[in-house]
Amino acid sequence: SAISVGGEALKTDSESYGIPANRIFVTGVPQYDRLQTLDAAKEREALCKSYALDQKKDIVLLADTYISVHLDPRGDWLDIERAYRDLFSALAKFPDKQLLVKKYRVDTTRRGWMEQIAKEYGFEKIQYASERTALPYLMAGADIVVTFHSGAVTEAFALKKKVIVLDYLKRI
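In this text, residue positions in the sequence shown follow the working numbering: the first is 1, and each later residue adds one.
What follows is a list of derived Cβ distance ranges for each label pair: (1) PHE25 <-> GLN55: 39 to 45 Å; (2) GLY112 <-> GLU15: 45 to 51 Å; (3) LYS119 <-> TYR17: 42 to 48 Å; (4) GLU124 <-> GLU15: 43 to 49 Å; (5) LYS125 <-> GLY28: 38 to 44 Å; (6) ASP58 <-> ILE3: 32 to 38 Å; (7) ILE19 <-> LYS125: 44 to 50 Å; (8) SER89 <-> SER1: 42 to 48 Å.
Since the hints were made in silico from the structure, they are not lab data.
Just so it is clear, CB atoms sit at the ideal spot from N, CA and C, and this is done for glycine as well.
Using the sequences and the hints given, assemble the complete structure.
In structure tokens form, the structure reads like this:
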């Protein structure tokens with residue numbers, strides 16, 4: 001048997017798990033190799049400076065999804081309000097964590113709604129990443145990446161980050 005991987009860095013990772021090099025085929029997605037060149041300490045310092053974050057606290061990055069009711073091929077929908085409530089409830093229990101949100105580039109409709117929910121759980125201010133800052137740089141500086149079903153999961157794994165996937169699908 002053989003496996004395919006997205007880039008040379010993932011091939012190297014696969015070899016470290018004992019898979020023979022002649023059984024690993026690089027098929028594409030070279031941006032994952034670029035992720036390996038990011039300097040986490042440098043990106044973290046930049047995040048803290050740009051968004052007034054505390055260097056001593058863990059940075060939790062919420063890589064948000066695009067729409068509030070996301071239909072998938074099975075006809076399920078994403079319960080985004082419950083996901084936010086659970087996330088803020090959990091974060092409120094860990095004062096050593098701070099939240100940075102990367103909104104999907106065209107979604108500006110939920111900001112006030114998200115802030116209202118956050119305030120209910122004691123978060124007076126949410127830091128929002130600039131639309132001009134690419135998600136991989138934010139993930140490189142973060143300690144934990146929280147997202148929904150997204151390609152961000154693969155990128156976060158390539159950056160060796162802790163990942164929480166908010167799986168809130170409900171049957172219609």
